[in-house]
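Participant: Protein chains in written order, with our numbering: chain A, 1 to 315; chain B, 1 to 259.
Hints in this document: simulated from the structure, not taken from any laboratory.
One or more hints might be untrue.
Restricting the straight-line Cα-Cα distance to at most 27 Å, the calculated cross-link-like pairs of lysine-lysine (BS3-like) are [stated by the list, open to error]: (1) K251/A with K120/B; (2) K226/B with K236/B; (3) K193/B with K132/B; (4) K143/B with K165/A; (5) K251/A with K121/B; (6) K19/B with K103/A; (7) K165/A with K120/B; (8) K165/A with K121/B; (9) K13/B with K103/A.
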Amino acid sequence: MSRGGQSSPLPNGELMLLSSLLRTVPISLEQGLAYGLVALGIVITFRILSFPDLTVDGSFPLGAAVVARLITEGVSPVYSIIAAIICGFVAGCCTGLLNVKLKINSLLAGILMMTILYSVNLRIMGRSNIQLLTVNTLLTPLENLDVNRFIPIIAFFVLVVLLVKFLTDMFLHTQIGFAMRATGDNEQMIRTLGVNTDNMTVMGLGISNGFVALSGALVAQDQGFADVGMGIGMIVAGLASIIIGEALFGKRTVQRLTLAAIVGSIIYKFIISLGLRLGLAPTDLKMATGVMVILALGIPALRKEKEGKLHLRGV
Amino acid sequence: MVRLENITKIFSKGTIDEKVAINGITLHIRKGDFITIIGSNGAGKTTILNLTAGTFTPDEGDIFIDDSRVTRLPEHRRAKYLGRIFQDPLMGTAATMTIEENLAMADLRGHVRGLRWGIKKARRDHYREILKTLDLGLETRLKDTVSLLSGGQRQSLTLLMVTLSLPKLLLLDEHTAALDPKTAQTVMGLTQKIIEENNLTTVMVTHNMLQAINYGNRMIMLHEGKVQFDIEGEEKSALTVGEVVKRFGAELKDETLLC
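Bound conformation, chain A alone:
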């Protein structure tokens, strides 16, 4: 590690900062990408469907719990991950059904599912956490390569996240994808064109939470454990990522929205790890994130701009 010797053109303090900055890059990339799938999921609910889905805080640890339990039971990591995605999909569909069939307010439907999933996750794991350091996960072969750990892991996450992004972009440009986007944009209009908007809402929530559970499943393997509390604040962190990304890329097209989610997630993680290095207490992290989202949502309102206002259904 460089310490800024006497010949250095930079003063000591600035060099320290720069080196901190650089050293947070790989870890932020890795985490930002892994959590980027959560942000992608949230784009589908909050942005495409205009449905404020809070299931995320439960479906993220759900993915982790399913994968942890199955892998420790000896199931192959690939099948475990597929099972995690399916579980997330079902959880999202349940939230959707609570809303469209039982007419429960969308926010409440998400909170109900999130709460129920807490118990479900404990049931799945049988205890509050499972460690995965001593078993073979999907990432184990990558970690055993004879290179810096970050390189294969980051490459893997880039691949997965871009694949999910492109599949999402493609899906949202199909006939069903159009119908789903129109459901979030103008429900009455697309119903008069013959689309069952209830089905679109349920399907979209399912897909979104499938992504979130996939993220949970990958993060658990990456960090080496699944914990029942790992989903707390996930929705707020995801929203923060989206807001950051949209500030950079705008939200005019689907491709930009999904790109914004991923890049936003990376930048968010970068800001957080930088903050931690500069002395932000880890206990204050969620508060800092919350304040960030409040500012981003609140400033347009204070400026009386219509643009920034979140258009949401079912509340």
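For this one, chain A is given, so just place chain B on it according to the hints.
Facilitator: Okay, now just chain B, sitting in the frame of chain A:
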């Protein structure tokens, strides 16, 4: 072709706010009819359209389209028979989606949607052609989001979307009322043209007496959920605003009706 049989619709039934919106109306819409419906606020004009489209189900009575009973069929399953344009020009199009995406969605009205691409290349040329007929320059803006268009442009686009897969019945719900007078006239002219060219059976609700008299072959006046009069043909074409006022002045407390 479309029959409403003895329809009654009561809102807030059993509460202190109970309101009989439609009171035993029977209405037969024949193929080729262009019916204008007029009436003051609360007469039940929009409710009739909502019942026909399936937004609400009636408390009593039945609705038939081509002799099949659709009374309880949900809105999205009647879509293949019906085209509908709302008063609010923002209601007919998805603002965050592009012009061509909106047209492509209308192309599939009432059809099963799958995982094929939402826009087919061959159709894109067709969209460009029909957009030219609007004479609004939209044919060069296929990839613009609809939020960039004005109210009049959006309402014209909505009309064009109806023609992509022709409905058996077109429902117009005061669709020019929210536009400025000049744009309203343009959109109404376009409406008339589209109805004539495609021989569309149409029901148009309007607040504007002159519009109700000048357009269509049949005119219905609603009052307190009942049909006050239903005239057509020569009797309709001979009608003037003054005459209507003389005959039904008592019910026309609503002044906007006369302008």
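Participant: With reference to the structure, classify each hint as holding or not holding.
Facilitator: A quick look at each hint next to the structure:
1. Annotation: proposed proximity of K251/A to K120/B holds, straight-line Cα distance about 24 Å (limit 27 Å).
2. For the given pair, K226/B sits about 19 Å from K236/B by alpha-carbon distance, which is consistent with the 27 Å threshold.
3. Only pairs whose Cα atoms come within 27 Å are accepted, and K193/B paired with K132/B is accepted, the gap being roughly 15 Å.
4. Restraint check for K143/B and K165/A: the C-alpha separation of about 21 Å stays at or below 27 Å, so the hint holds.
5. Between the alpha carbons of K251/A and K121/B the distance comes to roughly 25 Å, so the proposed pair stays at or under 27 Å and holds.
6. Restraint check for K19/B and K103/A: satisfied, since their Cα atoms lie roughly 24 Å apart, inside the 27 Å limit.
7. As the CA atoms of K165/A and K120/B are separated by approximately 22 Å, the hinted pair is consistent with the 27 Å bound.
8. Distance hint between K165/A and K121/B is fulfilled; the C-alpha atoms sit about 24 Å from each other, no more than 27 Å.
9. As the CA atoms of K13/B and K103/A are separated by approximately 20 Å, the hinted pair is consistent with the 27 Å bound.
Consistency with the previously given hints is maintained throughout, with no hint failing.
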